[in-house]
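Enquirer: Residue numbers (the numbering used here), protein chains in the order written: chain E, 1 to 337; chain X, 1001 to 1337; chain P, 2001 to 2337; chain S, 3001 to 3337.
Just so you know, these hints were derived from the structure itself, not from any lab.
C-beta atoms are modelled at their ideal positions from N, C-alpha and C, and glycine is treated no differently.
Don't take each hint at face value.
[What the hints assert, rightly or not] For lysine-lysine, the following DSS-like pairs were computed, each having C-alpha atoms within a straight-line distance of at most 25 Å:
#: 1; chain 1: P; residue 1: Lys2259; chain 2: E; residue 2: Lys323
#: 2; chain 1: P; residue 1: Lys2323; chain 2: E; residue 2: Lys334
#: 3; chain 1: E; residue 1: Lys194; chain 2: X; residue 2: Lys1131
#: 4; chain 1: X; residue 1: Lys1154; chain 2: X; residue 2: Lys1131
#: 5; chain 1: S; residue 1: Lys3075; chain 2: P; residue 2: Lys2198
#: 6; chain 1: S; residue 1: Lys3089; chain 2: S; residue 2: Lys3010
#: 7; chain 1: S; residue 1: Lys3075; chain 2: P; residue 2: Lys2131
#: 8; chain 1: X; residue 1: Lys1070; chain 2: X; residue 2: Lys1154
#: 9; chain 1: X; residue 1: Lys1131; chain 2: E; residue 2: Lys70
#: 10; chain 1: X; residue 1: Lys1006; chain 2: E; residue 2: Lys131
#: 11; chain 1: P; residue 1: Lys2070; chain 2: P; residue 2: Lys2194
#: 12; chain 1: X; residue 1: Lys1075; chain 2: X; residue 2: Lys1194
#: 13; chain 1: P; residue 1: Lys2259; chain 2: X; residue 2: Lys1075
#: 14; chain 1: S; residue 1: Lys3075; chain 2: E; residue 2: Lys6
#: 15; chain 1: X; residue 1: Lys1334; chain 2: X; residue 2: Lys1259
#: 16; chain 1: X; residue 1: Lys1006; chain 2: P; residue 2: Lys2070
[What the hints assert, rightly or not] What follows is a set of in silico ranges between Cβ atoms, one per label pair, in the way DEER data are often shown:
#: 17; chain 1: X; residue 1: Tyr1029; chain 2: P; residue 2: His2077; range: 23 to 31 Å
#: 18; chain 1: E; residue 1: Gly121; chain 2: P; residue 2: Glu2320; range: 28 to 36 Å
#: 19; chain 1: E; residue 1: Gly27; chain 2: X; residue 2: Asp1316; range: 29 to 37 Å
#: 20; chain 1: S; residue 1: His3077; chain 2: X; residue 2: Glu1320; range: 34 to 42 Å
#: 21; chain 1: S; residue 1: Thr3243; chain 2: P; residue 2: Glu2336; range: 29 to 37 Å
#: 22; chain 1: S; residue 1: Lys3006; chain 2: E; residue 2: Pro330; range: 28 to 36 Å
#: 23; chain 1: S; residue 1: Lys3006; chain 2: X; residue 2: Asp1316; range: 39 to 47 Å
Number of protein chains: 4
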Amino acid sequence: MVVLLKSGTKAEQIENLKSWLQGMNIGTYISEGTSHTIIGLVGDTSMVDMDLLRSLDIVENVQRIQEPFKNANRKFHNEDLVVDINGIKIGGGNFQIIAGPCSVESREQIIEVAGRVKAAGANLLRGGAFKPRTSPYAFQGMGSDGLDLLMEAKKETGMPIVTEIMNAVHLPLFENVDVIQVGARNMQNFEMLKELGKTDKVILLKRGLANTIDEWLMSAEYIMAGGNQNIILCERGIRTFETRTRNTLDLGAIPVVKKLTHLPIVVDPSHALGYSYMVEPMAIAATAAGADGLMIEVHNNPAKALCDGPQSLTPDAFDELSKAVYAVRPFAAKYEY
Amino acid sequence: MVVLLKSGTKAEQIENLKSWLQGMNIGTYISEGTSHTIIGLVGDTSMVDMDLLRSLDIVENVQRIQEPFKNANRKFHNEDLVVDINGIKIGGGNFQIIAGPCSVESREQIIEVAGRVKAAGANLLRGGAFKPRTSPYAFQGMGSDGLDLLMEAKKETGMPIVTEIMNAVHLPLFENVDVIQVGARNMQNFEMLKELGKTDKVILLKRGLANTIDEWLMSAEYIMAGGNQNIILCERGIRTFETRTRNTLDLGAIPVVKKLTHLPIVVDPSHALGYSYMVEPMAIAATAAGADGLMIEVHNNPAKALCDGPQSLTPDAFDELSKAVYAVRPFAAKYEY
Amino acid sequence: MVVLLKSGTKAEQIENLKSWLQGMNIGTYISEGTSHTIIGLVGDTSMVDMDLLRSLDIVENVQRIQEPFKNANRKFHNEDLVVDINGIKIGGGNFQIIAGPCSVESREQIIEVAGRVKAAGANLLRGGAFKPRTSPYAFQGMGSDGLDLLMEAKKETGMPIVTEIMNAVHLPLFENVDVIQVGARNMQNFEMLKELGKTDKVILLKRGLANTIDEWLMSAEYIMAGGNQNIILCERGIRTFETRTRNTLDLGAIPVVKKLTHLPIVVDPSHALGYSYMVEPMAIAATAAGADGLMIEVHNNPAKALCDGPQSLTPDAFDELSKAVYAVRPFAAKYEY
Amino acid sequence: MVVLLKSGTKAEQIENLKSWLQGMNIGTYISEGTSHTIIGLVGDTSMVDMDLLRSLDIVENVQRIQEPFKNANRKFHNEDLVVDINGIKIGGGNFQIIAGPCSVESREQIIEVAGRVKAAGANLLRGGAFKPRTSPYAFQGMGSDGLDLLMEAKKETGMPIVTEIMNAVHLPLFENVDVIQVGARNMQNFEMLKELGKTDKVILLKRGLANTIDEWLMSAEYIMAGGNQNIILCERGIRTFETRTRNTLDLGAIPVVKKLTHLPIVVDPSHALGYSYMVEPMAIAATAAGADGLMIEVHNNPAKALCDGPQSLTPDAFDELSKAVYAVRPFAAKYEY
């Protein structure tokens, strides 16, 4: 970290700052320029509050040299993290498709969809039991009954389960869940992140709608600081002014994430784009960009099409998507650090 | 709600849609145009999922006529809500300043600041005990000890307390807190909103960084649907591309909120702007725009200025702000509905 | 277009509205619902001002059924437009790479880069002669001398030239330019678009940093309304809150554009991302998403590396990118309408 | 400007960088830290391209200490600029309201509106003759005939005229216009800015929808670098995700602008918000925030209300707004630098 002091700063003020930093075990070196003085900070600066430093009367600006995350930082973990979920691996060259319905609705539904997506090449089953909904009057999911049905589908198909948690109090219910998803709206629910850090579950951490990549990695750091290193990042679109797509899928996040961290990253085009006709092209694009996996919404229910969201594919459409994705996968961008 | 069907929709499909809607107690009237058919929905459409309707093959577009919130809707509550906090009223023409430090740090600090801001015209005391921090390594607040110190300050000064909750599990600790703040990052922590809906506490609900005004009111609706009608909205800036301010304070939200809901709205310029020199002008502007109150960060600690954030005012600066705000208040925009 | 009237609208007011619309050759059909009246508009509504309609006291909301663009609308032009530039085709299954330096700097530079990118698989040469710069003190390009050097490079290599225009007054200088680029900052320079509409030049129309896809197509419509149908769209990133990339590349625009219009779309990852290490993965992703081409910045100057932008690739890096792009191209998303 | 070099940079590379900078008359001082070397730049760094520096292999980051604008920089122009328009002063404590219709439509209309707004306290008359429209099929303004009508209104009322230019080629037509407006979409039409810099007209420079405050000041710098110092800035809202308002009015820009530059700033709430019911409260708020003036759309035509935009006020509503604004003005935020 480098601190640029305002011109006219007095020696005494600089001494005060130095001793305050020393109290946090931060060493300093001073460099006097013609008009400005610069202080370099030496030591573990991840605990130094940049905003606080910047607020000081004598400080013109503060510049980080090192990222404020450590556990999630590729500089300290050069090897790609390979997350192992009952033998299904993601990261370090391993690519997986997670697929399934938006919400678990019935035993029949989840088992039928599970069978179809498995046959088409998905290796993990997703399905919502606890659903975050903007409106208190919308369907909130089947809750623990939904989790039970997911367990049945797991038994039937052998597929590991990915499902969202909305409240750390529910953690005991997630004992047999393989991958716990943290939704975009909870990416900065720091209290829940801390609880997840105490478990040994694989966490799929979605990026918040208005969160920078750095904030996303700091949320991963919250979980990792608690001891749980099994994180999969999930890009799902950010909020912008464009209204033709539900959100703006930020595939540029993939090379940035690959450079900054060793954690695997999967992409969810279904929620990002919001319309089914966009899902396949963006799934192909995300794969080509070098994502470590995809998360795709698939519904069945040909007879009761009324209850499926605009972003869900039919199983037949998923068959096609899966073929297209596995065809492009060998030609995907590669990252080496 | 008005549903525009695609051209070429068959009579049978329309019948299916009608009977599905009837199953939700929604009546319909059909209007055949030259190229399109329109279906008007009659009844309580707040439970109808627009996205779901829009996803149907036969639907071109869906248009809400009524807002999806009821408890928070001015159409059903024409009178401004006046929230009463131990005799301190906000809304319906009552204007209050909430002031205090970012974090509670010590008994001395909170009591000194409380005394100063009360003398200057603030009627409620704010102070963080549980602090949401982007980094797991940053100071997370004093927790329940901080709440105890706030209680002492309340005893000493008689000022009601406003402080943030980050986890519904902590609710028992907030028994003597007068106003429970929901932070921007938890605006869509729906599980916590539901718990707060079961209490009778006054809730100060901050707008999320990337949330529309409609989403904000839907979060208020979550709390109100549970039975708790004591909500104060708090605008604190939204995330945009501009970097000279920490966030972009959206004062245009005030007339919109006043039109849509009877709930009072206060403005927090300290967090929105992020630099102390901007706080006073924006406090004056928010007051003039017709806000029902302000929330201002004030620190003391003249000797240890190192530990204060860039957005905090000194007590002396707060004195000036308060005078300027009360001077402009009589000339503020008025709203009548 | 469908107009939803407020409840309580009088018959006389509806008659006024109808006759005003008839004055614009717009027919109407009226549908009376239980609480609202709906007016359907029949005829060429592209000239009806939605904002104006929405502003009327009696109007609750207005909904377009048809897009306001005609020349650029796939509904009226089902076949993909194939733009032919001296035999080099873009669109309708034809994919091309446009490559070259940010600015033309010297005869040597442009001819050397042209040779390298041609050898590597680029079929069109880009190079800036007139440069839009945020600062008046930054290098503004070589102007007409730069255009002359581009012509020499064209003669030498046979590659058609793509270069930016910043002022319609310069049009005579662009006589021998093959593709005239309209930059992001001029996407809504309507006066210049009108002038370009009078030419028969191929126009490469970049999307503005804060422009919706609909606004972008309306800018294409400006040119096409003047008679010039030879438009290539170019996605180059939109402005968001994320700071790790210069802009956010919106690849989701590709399926949207493919659905709405028959015009070809190319992608410029160099300007969108802003850092060279991101260019290759995003070029691969854009290709996989089904873009009709790419636009890539390449510099030479191994000895004087000081003068190259962060987003430019070396010719060697471009060789690799080109191979990767052509490898993924056969597996790209396909669109059929 | 301070350049932070990557660790491992060789002495020879540093020497190359130093001599390259010396070639631009930029002196340097070097400071060696434990892990990083820092180079301070001395001299006129406004011409140094930060992006270019940042792109060098050996550079970790670059930090400006001084803003890249000089003519528009308060550091070099401590006194507020007072712009004098035929005796009507804006800036340095002088506050003015600019009012008038969106478009000039007829002699009657413009003269009637002019009379009404003058009587209500406006001192400058606005009216569009050349209109930027998203659609080529929308009314594009009366052009030079509209300018003639504005001149008649000026003769009749004595009010100076503010009207928009869309093409530098039209400059001769603007000979008798008092204030030339540059619209948001042309804020970075650098070619036009250069032409305006050669005139001695007062320029009202609107902020672009997606432009930072720094970019806005750089556009002012373009005009000032050409010799024309008579600039009035105009905040008119930025583009965000919120849809309840047309744009998000950024009043926080006022304290930032006041700190960075000596140029006056006015606020246009009509275009920013887009709905007439929001205009008065935001006009009051902008005044209270310390704006040097307002720009307000007013229509007449009570009989033909069909042709007025949603953001326009009636003359009666403007009377009220004006009273409210002048009542709050004495209590507005004050800035001293």
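Enquirer: Are the Cα positions of Lys3075/S and Lys6/E separated by 25 Å at most?
Expert: holds, 14 Å
Enquirer: With a cut-off of 25 Å on the C-alpha distance, tell me whether Lys1006/X and Lys2070/P pass.
Expert: holds, 19 Å
Enquirer: Next pair to validate is Lys2323/P with Lys334/E; report whether the Cα-Cα distance is within 25 Å.
Expert: holds, 13 Å
Enquirer: Could you tell me whether the CB distance from Lys3006/S to Asp1316/X stays inside 39 to 47 Å?
Expert: holds, 45 Å
Enquirer: Could you say whether the range 23 to 31 Å given as a hint is met by the Cβ separation of Tyr1029/X and His2077/P?
Expert: violated, 37 Å
Enquirer: Does the alpha-carbon distance linking Lys1334/X and Lys1259/X stay inside the 25 Å limit?
Expert: It holds: about 12 Å lies between the C-alpha atoms, which stays within 25 Å.
Enquirer: Holds or violated: are the alpha carbons of Lys1070/X and Lys1154/X at most 25 Å from each other?
Expert: violated, 35 Å
Enquirer: Is 29 to 37 Å right for how far apart the beta carbons of Gly27/E and Asp1316/X are?
Expert: Given a distance of about 35 Å, which is inside 29 to 37 Å, the answer is holds.
Enquirer: CA of Lys1131/X to CA of Lys70/E, is that 25 Å or under?
Expert: holds, 21 Å
Enquirer: Do the alpha carbons of Lys1006/X and Lys131/E lie within 25 Å of each other, as the hint requires?
Expert: Violated, because 30 Å separates the two Cα atoms, which is more than 25 Å.
Enquirer: Would the hint linking Lys2259/P and Lys1075/X be met if the CA-CA limit is 25 Å?
Expert: Violated - the C-alpha atoms of Lys1075/X and Lys2259/P are around 40 Å apart, more than 25 Å.
Enquirer: Given the hint that Lys1075/X pairs with Lys1194/X, test it: the Cα-Cα distance must not exceed 25 Å.
Expert: holds, 24 Å
This entry does not satisfy hints 5, 6, 7, 8, 10, 13, 17, 20, going by the numbered hints stated previously.
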